[in-house]
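Peer 1: So the sequence lines, in the order shown, correspond to chains A and B. For the first sequence, the residue numbers in the working numbering are 1 to 514. For the second sequence, the residue numbers in the working numbering are 1 to 514.
Among these hints, one or two may not hold up.
Result set (DSS-like, lysine-lysine): computed pairs, CA atoms no more than 25 Å apart in a straight line [what the hints assert, rightly or not]:
1. K133/B / K116/A
2. K393/A / K96/B
3. K349/A / K159/B
4. K170/A / K330/B
5. K337/A / K96/B
6. K330/A / K476/B
7. K133/A / K183/B
8. K159/A / K349/B
9. K96/A / K337/B
10. K393/A / K330/A
11. K159/A / K296/B
12. K170/A / K349/B
13. K96/B / K349/A
14. K170/A / K96/B
15. K96/A / K296/B
16. K435/A / K424/A
None of these hints come from the bench; they were simulated from the model.
2 protein chains.
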Amino acid sequence: MSTNSDQSAKGNVNKQVPKKQTNKQKQTKKVEAAIEGAAQIGIEVRKEADFSTWYQQVLTRSEMLDYYDVSGCYIIRPLAYNIWQEVQNYFDAAIKELGVEDTYFPMFVSQRVLEKEKAHIEGFAPEVAWVTKAGSSDLEEPIAIRPTSETVMYPYFAKWIRSHRDLPLKLNQWCNVVRWEFKNPQPFLRTREFLWQEGHTAHFSKEEADTEVLQILELYRQVYEDLLAVPVIRGIKSEKEKFAGGLYTTTIEGFIPTTGRGIQAATSHCLGQNFSKMFDITIEDPNAPAASNAAKMHVIVIPLGLTAKTTEEERKKVENKVNEVVGELKSIGVRAKADLRDNYTPGYKFNHWELRGVPLRLEIGPRDLTNQQTLSVRRDNGVKEPIPLVDLKTRVPKMLDLIQKEMFERAKKVYDEHVKIVLKWEDFVPVLDNKNFVLTPWCEEEKCEDAIKERSARTNTEQEPQDEKAPSMGAKSLCIPFDQPKEPALVPGETKCVNCGQDAKRYGLFGRSY
Amino acid sequence: MSTNSDQSAKGNVNKQVPKKQTNKQKQTKKVEAAIEGAAQIGIEVRKEADFSTWYQQVLTRSEMLDYYDVSGCYIIRPLAYNIWQEVQNYFDAAIKELGVEDTYFPMFVSQRVLEKEKAHIEGFAPEVAWVTKAGSSDLEEPIAIRPTSETVMYPYFAKWIRSHRDLPLKLNQWCNVVRWEFKNPQPFLRTREFLWQEGHTAHFSKEEADTEVLQILELYRQVYEDLLAVPVIRGIKSEKEKFAGGLYTTTIEGFIPTTGRGIQAATSHCLGQNFSKMFDITIEDPNAPAASNAAKMHVIVIPLGLTAKTTEEERKKVENKVNEVVGELKSIGVRAKADLRDNYTPGYKFNHWELRGVPLRLEIGPRDLTNQQTLSVRRDNGVKEPIPLVDLKTRVPKMLDLIQKEMFERAKKVYDEHVKIVLKWEDFVPVLDNKNFVLTPWCEEEKCEDAIKERSARTNTEQEPQDEKAPSMGAKSLCIPFDQPKEPALVPGETKCVNCGQDAKRYGLFGRSY
Chain A
1 MSTNSDQSAK GNVNKQVPKK QTNKQKQTKK VEAAIEGAAQ IGIEVRKEAD FSTWYQQVLT
61 RSEMLDYYDV SGCYIIRPLA YNIWQEVQNY FDAAIKELGV EDTYFPMFVS QRVLEKEKAH
121 IEGFAPEVAW VTKAGSSDLE EPIAIRPTSE TVMYPYFAKW IRSHRDLPLK LNQWCNVVRW
181 EFKNPQPFLR TREFLWQEGH TAHFSKEEAD TEVLQILELY RQVYEDLLAV PVIRGIKSEK
241 EKFAGGLYTT TIEGFIPTTG RGIQAATSHC LGQNFSKMFD ITIEDPNAPA ASNAAKMHVI
301 VIPLGLTAKT TEEERKKVEN KVNEVVGELK SIGVRAKADL RDNYTPGYKF NHWELRGVPL
361 RLEIGPRDLT NQQTLSVRRD NGVKEPIPLV DLKTRVPKML DLIQKEMFER AKKVYDEHVK
421 IVLKWEDFVP VLDNKNFVLT PWCEEEKCED AIKERSARTN TEQEPQDEKA PSMGAKSLCI
481 PFDQPKEPAL VPGETKCVNC GQDAKRYGLF GRSY
Chain B
1 MSTNSDQSAK GNVNKQVPKK QTNKQKQTKK VEAAIEGAAQ IGIEVRKEAD FSTWYQQVLT
61 RSEMLDYYDV SGCYIIRPLA YNIWQEVQNY FDAAIKELGV EDTYFPMFVS QRVLEKEKAH
121 IEGFAPEVAW VTKAGSSDLE EPIAIRPTSE TVMYPYFAKW IRSHRDLPLK LNQWCNVVRW
181 EFKNPQPFLR TREFLWQEGH TAHFSKEEAD TEVLQILELY RQVYEDLLAV PVIRGIKSEK
241 EKFAGGLYTT TIEGFIPTTG RGIQAATSHC LGQNFSKMFD ITIEDPNAPA ASNAAKMHVI
301 VIPLGLTAKT TEEERKKVEN KVNEVVGELK SIGVRAKADL RDNYTPGYKF NHWELRGVPL
361 RLEIGPRDLT NQQTLSVRRD NGVKEPIPLV DLKTRVPKML DLIQKEMFER AKKVYDEHVK
421 IVLKWEDFVP VLDNKNFVLT PWCEEEKCED AIKERSARTN TEQEPQDEKA PSMGAKSLCI
481 PFDQPKEPAL VPGETKCVNC GQDAKRYGLF GRSY
């Protein structure tokens with residue numbers, strides 16, 4: 001009943017430079033160039049030219065991840081693992097408020113139990129890893145490693161729930177799961193072992209269950225949008241795409257502008273009355289590489305203007321001030337750090353920390369001491385601004401909030417710009433081919449869904465960047481958004497389905513996806 | 001280099017009732033009886049009579065753990081998992097202060113890499129679980145599940161450490177490991193999958209490494225003594241017992257009074273100069289069932305004195321006050337909860353929460369409303385004391401601190417009473433057979449260590465409780481305590497080894513152990 005969402009959104013900013021520029025456009029261009037610059041530090045290829053190499057370089061050179069000698073497995077290094085811990089802290093505190101309790105079930109499942117729910121396990125069977133030996137002895141019967149924990153947990157739900165007084169039962173676990181994918185592995189997106197959170201709850205009434213489904217979906221949205229500045233669209237899955245066996249599946253859908261593809265960010269299912277429902281998500285690393293609220297470090301403070309001619313006394317003065325600033329910021333909960341390494345130039349340090357996604361840099365040189373100020377540089381847009389040292393404790397937190405807010409707004413704008421309303425079929429595929437999602441009146445019939453997928457399968461593969469090895473794929477229904485377009489409003493009995501011409505029920509969101 | 005310590009200490013209080021009692025002794029007896037009573041709630045056997053059944057009942061009836069259908073695997077339920085999370089929060093914050101960074105390495109290891117360090121892996125080889133199949137396909141080569149992560153991590157240490165500037169490298173991970181034990185599994189003590197923390201650090205100088213070893217050992221001590229009120233003895237392992245290949249191993253040793261056995265609580269190793277060293281611990285559930293600071297809930301508030309004759313208005317008044325008290329306590333960070341279930345008697349609720357280890361109970365009835373007070377009942381010794389409602393916020397935290405302090409002191413007293421100084425061999429085995437540790441002058445020679453083990457192997461098995469299936473075992477050297485006895489002080493060149501009669505170097509701690 002739980003759905004694999006071992007996927008994450010990579011928030012990016014699109015760049016479009018018009019030929020003739022107004023002043024505002026110039027300003028915009030400057031900001032965009034700075035953003036582009038920031039994103040390229042230490043990276044040898046442009047994201048737009050070779051997405052796959054770019055992605056690999058960002059992950060490894062920022063030290064978020066390293067490759068490993070077992071295929072499909074990766075090392076999650078501190079910079080990335082820290083984001084996972086931030087997500088854990090945020091989400092775990094929130095679900096505990098809702099009365100969810102953390103637990104830990106074994107990762108091993110006997111074959112008999114695993115295969116008890118045939119329909120459920122069918123989808124996972126090809127990917128289940130089996131332990132058959134311990135030391136040099138063969139086990140009496142093979143033991144599976146959990147691909148998800150429904151079959152592990154539900155026998156005990158049955159045991160523990162004796163009467164309605166034992167309800168609601170709300171359990172959650174943070175754990176690793178294994179799906180031995182034979183497809184091309186992708187760091188953070190498709191890995192054989194991954195970390196996730198799976199919540200399983202049982203309620204007395206469907207109303208209660210419905211409420212929980214949406215509460216958890218809202219928390220998932222908060223993790224992406226508020227914590228990580230990654231916009232998502234909330235909605236309900238079509239009957240075809242919903243979790244098999246469940247009553248309905250709600251989802252939040254992310255978007256990768258560079259490839260124009262969707263990505264399922266998290267799902268929250270309702271399995272039906274008087275029974276259990278589950279929530280699941282895997283956000284291994286959602287907003288590479290910059291995220292302010294979840295960033296491991298908020299502010300890096302770098303001394304500069306120290307040359308061979310600088311006296312030892314002057315050097316000490318600057319370094320002391322750098323340490324003092326760090327201390328002051330830490331005292332109000334800002335994660336700050338000084339880079340006092342004397343074997344690197346300031347420019348090298350700028351690159352080093354920009355690559356690692358530190359959202360704000362403060363520079364302090366001898367002249368700044370005289371002026372009692374520091375120069376701040378935003379990573380996200382390159383904008384520089386002096387801050388009087390006395391204002392540090394008020395200005396820096398405001399700046400970090402602003403960075404987070406503007407990063408989200410930019411990403412949200414790009415996302416919104418790529419969700420196109422399409423009212424007639426002739427526009428459907430061209431809009432899709434321009435790396436957009438399509439929001440279109442739809443009859444919500446599965447037959448029609450299949451037809452849309454088939455009709456939108458790409459014939460012209462030249463538009464696909466070289467590095468994209470995925471097959472030309474048709475558009476899937478991603479969700480039926482909770483927020484339906486107001487303009488043009490869908491008129492029941494009048495608005496027709498974009499594909500079959502029957503009465504449209506609601507707008508559906510379609511797109512190519514990971 | 002890391003040592004399996006999937007073990008935990010179960011703090012207990014010994015009971016000895018002298019025939020003739022002074023007033024103080026009577027008071028002591030009363031407290032002990034209350035403690036004994038508390039420990040027996042819902043439990044059908046006495047700990048002293050059948051330790052194994054008692055242990056099983058405490059774990060399952062308090063809902064800390066449930067049995068599972070794969071042998072050697074157990075379900076860690078919220079009450080126990082919460083303690084693990086408390087330990088994680090405590091320890092993780094402390095090591096981050098020391099500059100340690102959290103990371104996550106894959107749980108899979110290729111055979112080639114696993115077997116690279118032959119000497120190291122030799123001890124683990126018989127217990128390694130092997131994945132040989134995925135879905136219905138055989139893997140090209142079997143893949144191991146980590147029994148510990150040295151071989152997983154160190155190739156990457158080599159890759160990441162390019163110069164002394166990359167030192168110290170301090171990494172830690174919280175993860176599951178698998179050791180397919182064929183011995184009798186024991187919940188929390190010996191399980192095939194278990195959760196732990198393993199830290200691996202590399203330093204430039206031995207001095208730095210030495211410092212880190214002791215800093216981490218001190219944190220382990222704090223987790224046991226300060227967080228969980230479980231006393232331990234700190235010391236260094238003998239050459240024979242140290243981690244193979246390492247330079248030296250420091251350890252904290254716990255003690256189970258009921259069986260008189262030792263338990264290795266955590267170890268911190270130094271592997272040698274210019275290299276990496278590792279720390280490891282597994283505290284799945286250290287102080288069953290009562291622990292105040294780490295307790296999931298500090299205070300349970302229970303309404304009472306509500307009978308069939310109570311008016312609905314009066315009932316509401318009491319319940320409102322109960323909720324108000326809970327709110328007040330929560331507002332100052334005390335984990336409090338109301339038990340307003342109307343289908344259980346107060347007595348049933350008392351038992352329910354005592355079994356689950358809630359250290360403090362507050363009772364509120366109609367008469368308490370009149371007197372503006374609540375009756376507090378300590379779980380650890382049964383002592384009752386009224387608290388004026390206006391004093392709640394000051395008195396309750398103080399009481400919780402006192403409970404924690406006294407629990408530790410009692411356990412520490414029992415531990416200390418069972419560490420006996422032995423100066424001649426004739427006393428060694430009798431002292432041991434009385435379920436004590438032996439602290440004895442020792443030459444520190446391995447030959448002598450072996451001889452002590454052999455000579456102290458028990459011949460009279462009748463003293464062993466029925467449930468103890470372990471073979472009659474000799475005493476191992478547990479550690480050479482950092483805190484050496486002052487009286488009688490060991491005189492170099494004069495004091496002789498208890499076994500061989502050669503010059504003693506230091507006092508060694510010997511005992512039977514798990």
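Peer 1: Each hint should be assessed against the structure and marked as holding or not.
Peer 2: Structure-based check of each hint:
For the hint pairing K133/B with K116/A, the CA-to-CA distance comes to about 20 Å; that is within 25 Å, so the pair holds. Proposed proximity of K393/A and K96/B is supported: the alpha carbons are some 24 Å apart, at most 25 Å. Between K349/A and K159/B, the direct Cα distance comes to roughly 22 Å. Compliance with the 25 Å bound is thereby established for this hinted pair. This hinted pair checks out: K170/A and K330/B have alpha carbons roughly 22 Å apart, not beyond 25 Å.
For the proposed pair K337/A and K96/B, the alpha carbon gap of about 14 Å is at most 25 Å, so the pair holds. Pair hint K330/A plus K476/B does not hold up; C-alpha atoms about 48 Å apart against a cutoff of 25 Å. Distance check on the hinted pair: K133/A and K183/B sit about 16 Å apart at the alpha-carbon level, within 25 Å; holds. For the hint pairing K159/A with K349/B, the CA-to-CA distance comes to about 22 Å; that is within 25 Å, so the pair holds.
Annotation: proposed proximity of K96/A to K337/B holds, straight-line Cα distance about 14 Å (limit 25 Å). Using a Cα cut-off of 25 Å, the hinted pair K393/A and K330/A holds, with the two alpha carbons roughly 10 Å apart. For the given pair, K159/A sits about 23 Å from K296/B by alpha-carbon distance, which is consistent with the 25 Å threshold. Pair hint K170/A plus K349/B holds up; C-alpha atoms about 22 Å apart against a cutoff of 25 Å.
Taking the CA atoms of K96/B and K349/A, the gap is about 23 Å. The hint holds against a cut of 25 Å. With a CA separation close to 31 Å, the supplied pair K170/A and K96/B exceeds the 25 Å bound. For the given pair, K96/A sits about 12 Å from K296/B by alpha-carbon distance, which is consistent with the 25 Å threshold. Taking the CA atoms of K435/A and K424/A, the gap is near 18 Å; set against the 25 Å cutoff, the hint holds.
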